[in-house]
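Given the sequences, and given the hints that come with them, work out the whole structure.
Listed below, chain by chain, are the residues.
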Amino acid sequence: MHSIVLENVTKRFGDTVVIDRLNLQIRKGERLILLGSSGCGKSTILRMISGLETISDGTLYLNGTVANDIDPGDRGVAMVFQNYALFPHMTIAENISYGLRIRKVAEDEIRRRIDKALELLRLTGLADRLPKQLSGGQRQRVALARALVNQADFFFLDEPLSNLDAQLRAHARKELVKIHEMYGQTFLYVTHDQIEAMTVGQRIAVLDQGKVQMLDTPQRVYHRPANRFVATFIGSPAMNMIPVRYTNEGIVLNEVTVAHSADWRQHLGAAASEPTEMGIRPEHVELTNEAVSGAVPVKVDYVEDYGNRVAYYFAVNGVETVAVAPMHTISSDVPTYWVPNAHRLHFFAQDGVNVGYPSTWEKL
Amino acid sequence: MKIDWAEWKWHILFLLVLGVMLYPILFAVSTSFKSMPEAFSGGAHLIPHEPTASAYVRVLDVLPFFHILSNTFIVASIVTAFKLCTGVLAAYAFVFLDFRGKKWVYFALISTIFIPFTVIMIPNYITLSKMGLVDNLFGMALPQLADATGIFLLRQHMKGIPKALMEVADLEGASHWSRMRSIVIPLVRPAILSIGIIFFINSWNEYVWPALMIKSQENYTLSLALQMFVSAEGGTDIPVAMAVSTLTMLLPLILYAVCQKFIIGTFAQSGIKG
Chain W
6 MHSIVLENVT
16 KRFGDTVVID
26 RLNLQIRKGE
36 RLILLGSSGC
46 GKSTILRMIS
56 GLETISDGTL
66 YLNGTVANDI
76 DPGDRGVAMV
86 FQNYALFPHM
96 TIAENISYGL
106 RIRKVAEDEI
116 RRRIDKALEL
126 LRLTGLADRL
136 PKQLSGGQRQ
146 RVALARALVN
156 QADFFFLDEP
166 LSNLDAQLRA
176 HARKELVKIH
186 EMYGQTFLYV
196 THDQIEAMTV
206 GQRIAVLDQG
216 KVQMLDTPQR
226 VYHRPANRFV
236 ATFIGSPAMN
246 MIPVRYTNEG
256 IVLNEVTVAH
266 SADWRQHLGA
276 AASEPTEMGI
286 RPEHVELTNE
296 AVSGAVPVKV
306 DYVEDYGNRV
316 AYYFAVNGVE
326 TVAVAPMHTI
336 SSDVPTYWVP
346 NAHRLHFFAQ
356 DGVNVGYPST
366 WEKL
Chain B
2 MKIDWAEWKW
12 HILFLLVLGV
22 MLYPILFAVS
32 TSFKSMPEAF
42 SGGAHLIPHE
52 PTASAYVRVL
62 DVLPFFHILS
72 NTFIVASIVT
82 AFKLCTGVLA
92 AYAFVFLDFR
102 GKKWVYFALI
112 STIFIPFTVI
122 MIPNYITLSK
132 MGLVDNLFGM
142 ALPQLADATG
152 IFLLRQHMKG
162 IPKALMEVAD
172 LEGASHWSRM
182 RSIVIPLVRP
192 AILSIGIIFF
202 INSWNEYVWP
212 ALMIKSQENY
222 TLSLALQMFV
232 SAEGGTDIPV
242 AMAVSTLTML
252 LPLILYAVCQ
262 KFIIGTFAQS
272 GIKG
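Going line by line, the protein sequences match chains W and B.
The numbering of the first sequence is my numbering, which starts it at 6 and goes up by one.
The numbering of the second sequence is my numbering, which starts it at 2 and goes up by one.
Source of the hints: derived by calculation from the structure; they are not laboratory data.
Among the clues, some could well be false.
[Said to hold, decoys possible] Taking lysine-lysine pairs in the PhoX-like style, the calculated list, with each CA pair at most 25 angstroms apart, reads:
| hint | chain 1 | residue 1 | chain 2 | residue 2 |
| --- | --- | --- | --- | --- |
| 1 | W | Lys109 | W | Lys121 |
| 2 | B | Lys131 | B | Lys216 |
| 3 | B | Lys103 | B | Lys164 |
| 4 | B | Lys262 | B | Lys160 |
| 5 | B | Lys164 | W | Lys137 |
| 6 | B | Lys160 | W | Lys137 |
| 7 | W | Lys137 | B | Lys262 |
| 8 | W | Lys33 | W | Lys216 |
[Unchecked claim] Pairwise CB distance ranges (calculated):
| hint | chain 1 | residue 1 | chain 2 | residue 2 | range |
| --- | --- | --- | --- | --- | --- |
| 9 | W | Thr96 | B | Ser55 | 54 to 60 angstroms |
| 10 | B | Val209 | W | Gly141 | 52 to 58 angstroms |
| 11 | B | Gly266 | W | Lys216 | 43 to 49 angstroms |
| 12 | B | His177 | W | Gln172 | 47 to 53 angstroms |
Nothing here was measured: the structure is a model prediction, and the numbers come from that model.
Idealized CB from N, CA, C, for every residue including glycine.
If you want it as structure tokens, here you go:
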């Protein structure tokens, strides 16, 4: 069942169209991530659903009801803001219980819920402190606690971890997932951080310029990107995109013709449009010093050692390509070759759309 | 505060300016402790040769001092309380409500700051006299119950409240009354306090408007009482006049000294954000 449905939802600020006829269906109780770079409209979508922004056009359904004109306070939305939006003059307990008091929840019930939230989020003993006396991580958890105690149907998070340092962020990600598994609300999470998207999301909506580029599981978004944008947006370093020329035998890479595997030959032969670019993730580019058959000669220009992995930079068909390996696997002084692994390739047509994968491949 | 001695030229200039501004005040205070002959014997010396508090004792004979003090206090309190109430409500509306013509209403309101008091003094006087409110303390307070400068300052401070805080209130469905009480007023409290003190001091020191409105001595405020000592019929008892002056200055000075941290902060901040 879908708990949030957007039908042709449009947002205009003056003459600028930020979101153009967006369609999105969010299942009840799922963790959906809105992922995109800043300015792609992901926060605007969240704010339109929560009622903090009006919807210029189109229809929003919440639990099956048209919700365009429902007051934000009546939509059953709890939200965690990027800067936490804690009231600086209220104690932690007052902050957490703010909404409960407005909704006139009984005092002993308020106390019970505060205590439970404080315990769950490891804030016990801080109830009477002011926000400024807390660390960044504690403030973030207070913001989370304030949203949790409402027991709202919809739990929205707008870049909730971007003000935390890397270590706390990793910890907070796990915490968010655990909390969601405990409460099971519909969880909508806005972020520009692909690691957060991959680790927290059950499904990811990748957004660019106000449009959903792909909406699918993290696995499929990573391994079966719908188009060039998704392929290069997710993954670090980004997927290599190599312009390719086609012959009957296969593709030409650095003037060596690499024969298609049988399944690709069949798939590409039947494809509606001819691919112009081949994609391969850096970690799938395997380099070797042995000149085996079908090997593409490459000349490594530059090596970066990250400690836990090594990146090799070289040119293929005139485009900088990067290979990432767990350790120094080759010597870059002697002739080096790349043997493309057919099972790791992606092909994209002129318009950026992925031409698909052989039908014999496993469905992710 | 740390003093940067490299700026000594400025320090000397500031000390000179401070001296020029402070001297008359110190002279008034010192004269109030002089005896009548010493006050008249001339000399601008600041330390009385034979300090005496006799002038302060005489104040009570010459004037119904406590009555006048309470008049001044009542008017200043009413004016301050109303200006703050109307100011907070108007500023809230200008910042957090959307209504047609908001910009124009605000513009019109702010432009009243630039109308000199002398221009509206007479029309106000005529209006109030037709209402039968001349020589009446409440009549005097009536045109001063709202203040565009206060609205402007409070609006600047309310605009500084992070938008996300109000959005939390939106999502909880908080009423405007609840937002004002539990979010906005607590967050701008320092500004309300310092603006209130400025209102209070201004009203306390006001002279022209009371002079126009108040006729009978029983309705006098402190500044009118002071004027009795400089007029043709009054003014010979200089030490008493200075004693009343000193007493008049006292309350605003104390208020300012106690709250100067807020006041300077409030006006400095509005200057930056204005």
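Results of checking the hints against the structure:
1. W:Lys109 x W:Lys121: Satisfied, since the Cα-Cα distance of roughly 19 angstroms is no more than 25 angstroms.
2. B:Lys131 x B:Lys216: holds, 16 angstroms
3. B:Lys103 x B:Lys164: Measuring from Cα to Cα gives roughly 19 angstroms; hence the hint holds.
4. B:Lys262 x B:Lys160: Holds - the C-alpha atoms of lysine 160 (chain B) and lysine 262 (chain B) are around 21 angstroms apart, at most 25 angstroms.
5. B:Lys164 x W:Lys137: holds, 18 angstroms
6. B:Lys160 x W:Lys137: holds, 21 angstroms
7. W:Lys137 x B:Lys262: Distance ~21 angstroms between lysine 137 (chain W) and lysine 262 (chain B) Cα, so the pair holds.
8. W:Lys33 x W:Lys216: Holds: lysine 33 (chain W) and lysine 216 (chain W) sit about 22 angstroms apart, inside 25 angstroms.
9. W:Thr96 x B:Ser55: 54 to 60 angstroms: holds, 55 angstroms
10. B:Val209 x W:Gly141: 52 to 58 angstroms: Between valine 209 (chain B) and glycine 141 (chain W), where Cβ atoms are some 55 angstroms apart, the hint holds.
11. B:Gly266 x W:Lys216: 43 to 49 angstroms: holds, 47 angstroms
12. B:His177 x W:Gln172: 47 to 53 angstroms: For histidine 177 (chain B) and glutamine 172 (chain W) the Cβ distance comes to about 42 angstroms; the hint is violated.
Of the numbered hints given earlier, the model fails hint 12 alone.
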